[in-house]
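Colleague: Residue numbers (our numbering), protein chains in the order written: chain A, 1 to 110; chain B, 1001 to 1115.
Hints were generated in silico from the structure; no laboratory data involved. Treat the hints with care, as some may be off.
With a cut-off of at most 35 Å between alpha-carbon atoms, the simulated DSBU-like pairs for lysine-lysine come out as follows [stated by the list, open to error]:
(1) K1011/B / K67/A
(2) K1071/B / K42/A
(3) K42/A / K1011/B
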Amino acid sequence: QKEVEQNSGPLSVPEGAIASLNCTYSDRVSQSFFWYRQYSGKSPELIMSIYSNGDKEDGRFTAQLNKASQYVSLLIRDSQPSDSATYLCAVMVAGNQFYFGTGTSLTVIP
Amino acid sequence: EAEVAQSPRYKITEKSQAVAFWCDPISGHATLYWYRQILGQGPELLVQFQDESVVDDSQLPKDRFSAERLKGVDSTLKIQPAELGDSAMYLCASRNFLGSYTEQFFGPGTRLTVL
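Here chain A stands alone, though its shape is the one from the complex (with noise of 0.2 Å):
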């Protein structure tokens, strides 16, 4: 069973706050880690991709991956009441199938 385990929330978090989401993987074996966003009623769109240990930063996201820890976050720095969504952690697996997490629900407070 290919798991992936995010906190449902939700959080809040005021204007102009870093938000922090997190997301564990059970197989140890993975190598890709993906980010995306759902706003409701809509389809999920990626926002960071991240394959190797360390910090990635696009703007204001920097996704997080610790794969010893099996562990890969994601901050939202300056967070915009346009950042309140769902966020989904997504795991690719050999085989390249995909399994995500149920996501965390955020909303940024104006």
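Using the hints, position chain B against chain A.
Modeller: Below, chain B without anything else, positioned relative to chain A:
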């Protein structure tokens, strides 16, 4: 910008009826995925194609669901007969098969309601 196309966007049907969903992946993307997403959950893989071949359909309820990608481009997912529990968002995604380091992109989805 290239996008995954899906139709219809919304479908309402009665139980025991047949429904079909269509997906056209990003041009050149050899890998195509169908997912089902129930409200409040993450997407769950139903079937994965590599070109016209099924790579993984272990989670596809084969007694009522079928999927095909005859020419290795667009794909159709069918449910017959539909049941109340099939109400969900059906998502199609595609990926450029170039090893491990490529992302998967989703279409807009089809929202199915079974009455």
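Colleague: Against each hint, give a clear statement of whether it holds in the structure.
Modeller: Evaluation of the provided hints:
no.: 1; hint: K1011/B / K67/A; verdict: violated, 41 Å
no.: 2; hint: K1071/B / K42/A; verdict: holds, 28 Å
no.: 3; hint: K42/A / K1011/B; verdict: holds, 15 Å
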